[in-house]
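Undergrad: Residue numbers (the working numbering), protein chains in the order written: chain A, 8 to 452; chain B, 8 to 452.
Mixed in with the good hints, there may be bad ones.
Identical chains share a label here; the pair holds if one copy fits it or two copies do between them.
Calculated lysine-lysine pairs in the BS3-like style (CA-CA distance at most 25 Å, straight line) [said to hold, decoys possible]:
(1) 35 - 386
(2) 246 - 310
(3) 185 - 386
(4) 122 - 185
(5) 246 - 162
(6) 246 - 386
(7) 35 - 185
(8) 46 - 246
(9) 289 - 35
Read the hints as simulated data drawn from the structure, not as lab findings. None of the values given here were measured: they were computed from a predicted structure.
There are 2 protein chains.
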Amino acid sequence: MRDNFPRFGERVMRRLDELAADTDEPGKITRLFLSPSHKRAMARVRGFMEAAALSVEEDDIGNVVGRLESSVPDAPVFILGSHIDSVRDAGRYDGGFGVLSAIEVADEIRRRGDKLPFSLEIVAFGDEEGVRFPATLSGSRALAGNFDFESLGAKDENGVSLAEALRGFGCNIEGIGKIARDPRRACGYLESHIEQGPVLEAENLALGVVTAIAGMCRLNVTVEGEAGHAGTVPMGRRKDPLAGSAAMISAVEDEARRTPDVVATVGVIEASPGAINVIPAKVRFSVDLRAPVDEVRERAKAKVEARLSSIATKRGLSIGFTPLDEAKATPCDPGMMRELSDALARQGHRVFTLPSGAGHDAMAMARLCPVAMLFLRCKAGISHNPAEAITVEDAQAAIEVMLDFILHFRPTAHAEATEERSVSQGGRPAVVAQISSLDTTPLSR
Amino acid sequence: MRDNFPRFGERVMRRLDELAADTDEPGKITRLFLSPSHKRAMARVRGFMEAAALSVEEDDIGNVVGRLESSVPDAPVFILGSHIDSVRDAGRYDGGFGVLSAIEVADEIRRRGDKLPFSLEIVAFGDEEGVRFPATLSGSRALAGNFDFESLGAKDENGVSLAEALRGFGCNIEGIGKIARDPRRACGYLESHIEQGPVLEAENLALGVVTAIAGMCRLNVTVEGEAGHAGTVPMGRRKDPLAGSAAMISAVEDEARRTPDVVATVGVIEASPGAINVIPAKVRFSVDLRAPVDEVRERAKAKVEARLSSIATKRGLSIGFTPLDEAKATPCDPGMMRELSDALARQGHRVFTLPSGAGHDAMAMARLCPVAMLFLRCKAGISHNPAEAITVEDAQAAIEVMLDFILHFRPTAHAEATEERSVSQGGRPAVVAQISSLDTTPLSR
């Protein structure tokens with residue numbers, strides 16, 4: 008089968024270059040949710056979808072949805088997609104590749120005249136990065152029936168609320184509730200995405216199957232000591248919160264190093280007053296801690312807090328922890344993971360699995376239906392940066408595997424699983440369903 | 008003698024409160040060099056000097072000089088003083104105490120009708136803090152004949168050069184060269200100053216004799232690694248410059264802790280890009296390292312640089328050191344230290360010596376003549392802060408000791424030493440003079 012595929016890679020790379028022109032900052036890629044460049048990117052994606060003969064709809068949360076109808080009456084729906092918003096000064100592959108590669112898949116199925124036992128929906132979500140508003144995954148949460156209506160009051164840095172921005176964009180807020188897909192009809196979600204990390208490159212592999220999207224907790228740590236003149240306070244009389252924070256940051260790193268699959272990062276640090284000749288009075292730093300298993304993350308977080316508190320006590324410093332954000336891990340569907348692995352093997356790839364440390368629309372979609380993710384090698388693990396890069400060969404390989412997966416996918420058992428899921432998430436106690444034929448467990452959120 | 012002294016402490020505290028009203032920021036004390044509040048403070052100090060019957064002159068670098076003439080013909084000059092500029096949002100004692108306490112000493116000598124074998128000059132220097140211009144000690148360097156004429160081009164944050172500011176203040180730049188005192192006539196300089204550190208308070212002592220003004224070196228350390236997504240780069244694949252900087256800051260602290268009399272401070276740290284979910288690409292931090300003995304400082308600096316470089320190498324980080332500033336230590340004159348100690352003992356104090364970690368006008372004056380400094384206990388070691396505090400009793404004690412010192416001081420041998428100093432600093436090779444009767448060595452600059 009492999010050699011019969013058209014040259015998807017070249018077209019998708021060309022289209023990704025075209026999409027990169029839709030930006031609010033000339034010379035950079037900056038495409039924030041509901042911005043003018045988002046509108047232009049939606050029109051461009053619509054054009055690509057229409058060229059693939061998909062029926063296209065723009066919904067009331069700013070998603071573009073292209074649909075390839077199954078010939079089977081009353082067929083379920085399989086969803087492919089990713090996002091087209093970006094961070095500021097972004098690369099051109101994060102998000103965009105998942106959308107445009109999915110259009111290639113649909114176009115090829117249409118071209119071949121293959122009959123699928125499900126309809127295909129290709130979605131270009133509008134808000135995954137969460138840069139403009141203090142809210143994120145608005146598009147995928149709306150599809151999954153889990154839109155946060157309170158976020159409509161969230162404001163961007165110009166004081167424009169999400170509701171105002173949606174209206175200005177031509178969206179009808181009353182229509183958002185109707186975007187939710189029927190969980191009984193949604194049989195699966197597959198997202199391809201650049202890895203945004205260095206693992207596949209180090210493994211010399213184009214592709215990998217994601218096991219789970221890591222859970223994450225973020226906190227601010229505030230350490231207070233005693234300011235003093237850098238020349239006049241002997242070392243033994245200091246309560247230096249920056250020297251203390253240095254010991255704490257080393258402890259954060261050590262705790263993550265000694266726990267497999269845990270990563271922990273201090274990305275922000277501020278010392279005040281911040282003068283070369285003044286022992287700081289106060290230091291604030293951030294901790295971002297992630298693990299693909301919730302219990303592991305929670306244990307690591309507790310150990311980090313305990314070690315930091317102990318350092319503070321020994322040094323006569325006071326310490327405070329402000330939780331900023333916490334998200335549970337999203338395990339990918341074991342059945343879909345296996346089928347994706349089979350597609351990789353059929354296409355001649357070594358099957359390799361890895362967790363995703365970054366968040367994705369699949370997190371929101373997992374509430375609706377079983378999800379899987381295919382990771383694509385990116386150069387040096389760089390993302391959220393103009394230096395983001397993939398190769399045309401890897402793009403080709405990813406689309407081939409996605410296509411193979413879709414052509415082999417059979418929705419029946421998944422539909423049953425999602426019915427169970429829909430019940431378990433309707434406000435009643437969660438029921439852990441075991442659909443033994445597929446080894447599928449409902450996804451926790 | 009002790010009980011006969013007037014209540015200097017009360018008057019000096021009252022006058023320090025009055026001086027605090029001269030500020031450019033209402034509600035705070037901010038008195039920058041050549042500012043309107045500096046002009047008002049000069050007028051106020053002139054008033055205090057005139058009330059003590061001193062003859063007063065304002066010179067062309069913004070110093071106020073009050074003179075009490077000796078009755079001895081052709082007598083040498085002993086200089087007492089400190090500065091009246093301040094940092095932003097300062098306390099009221101740093102600098103001001105040294106000036107106003109010196110006026111009390113002169114006033115008391117005049118009042119008693121004591122005949123001194125030297126004239127007294129009380130100087131209120133205008134630029135010790137170096138806040139407004141990237142230049143410092145302008146006033147004391149001018150007196151010492153070491154004014155940096157290149158600094159006239161230095162600009163403040165509004166783009167006003169020091170030369171322009173001086174002219175606007177009414178100073179004649181051509182007159183600056185004439186401010187230099189004759190080293191053959193200057194027999195000593197004594198400065199009283201708040202300690203700006205916690206040592207005297209911890210020793211339960213009002214006063215201490217300064218052994219040396221510590222030498223200092225300042226550098227910026229730049230650590231570069233590899234930015235990455237906080238979720239996607241496994242710990243083992245990171246080149247995290249902030250984790251590396253944490254280990255380095257701990258090494259700076261450790262090196263200072265293990266070396267007596269050395270202090271080292273990291274007061275500034277910046278991580279870029281500085282986002283909670285991004286492993287930083289680059290970290291910059293400052294190091295301020297001080298020691299009262301130059302060789303000790305130089306050795307500690309070399310060890311710190313070696314340890315930091317070794318940490319960088321182990322972690323695959325690159326490191327750069329940018330020297331910002333380096334100042335040699337200024338040892339106080341052993342003969343004057345001994346005489347100051349004798350005055351302390353006569354006034355019933357335990358003689359305690361300590362180095363000064365902060366810089367002072369005495370550093371510049373040491374080029375002109377032998378110098379000594381008397382440190383005064385301040386509350387909790389706090390300075391450069393509105394919370395700066397001293398007690399009226401300690402102020403009284405300091406003025407009593409200064410007065411006792413002046414009344415016992417005999418200039419002859421010092422005058423010989425300064426002649427030697429003047430020769431050794433005239434551009435010819437330095438000559439280390441030993442005036443054995445006083446155990447005085449010329450001061451290195």
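Undergrad: Should residue 185 paired with residue 386 be assigned to within, between, both, or neither, using CA atoms and 25 Å as the limit?
TA: Answer is neither: 40 Å inside a copy and 67 Å across each miss the 25 Å cutoff.
Undergrad: Tell me, please, which holds for residue 46 and residue 246 at an alpha-carbon limit of 25 Å: within, between, both or neither?
TA: neither (54 Å within a copy, 38 Å between copies)
Undergrad: Reference check for the pair residue 289 and residue 35, CA-CA at most 25 Å: within, between, both, or neither?
TA: Result: close only across copies, 22 Å inter versus 36 Å intra.
Undergrad: Which holds for residue 35 with residue 386 at a C-alpha limit of 25 Å: within a copy, between copies, both or neither?
TA: within (19 Å within a copy, 54 Å between copies)
Undergrad: Regarding residue 246 and residue 386, is the shortest C-alpha distance of 25 Å or less found within a copy, between copies, in both, or in neither?
TA: between (44 Å within a copy, 16 Å between copies)
Undergrad: For residue 246 and residue 162, with the copy left unspecified, which applies at a CA distance of at most 25 Å: within, between, both, or neither?
TA: Intra 40 Å, inter 36 Å, cutoff 25 Å: neither.
Undergrad: Have a look at residue 35 and residue 185 and pick one of within, between, both or neither, based on CA distance no larger than 25 Å.
TA: neither (35 Å within a copy, 59 Å between copies)
Undergrad: If the cut is 25 Å between Cα atoms, do residue 246 and residue 310 qualify within a copy, between copies, both or neither?
TA: This pair counts as both: shortest intra-copy Cα distance 24 Å, inter-copy 23 Å.
Undergrad: With identical chains treated as interchangeable, where does the CA-CA distance between residue 122 and residue 185 reach 25 Å or less: within a copy, between copies, both, or neither?
TA: neither (28 Å within a copy, 100 Å between copies)
Comparing the model with each earlier hint shows violations of hints 3, 4, 5, 7, 8; every other hint is respected.
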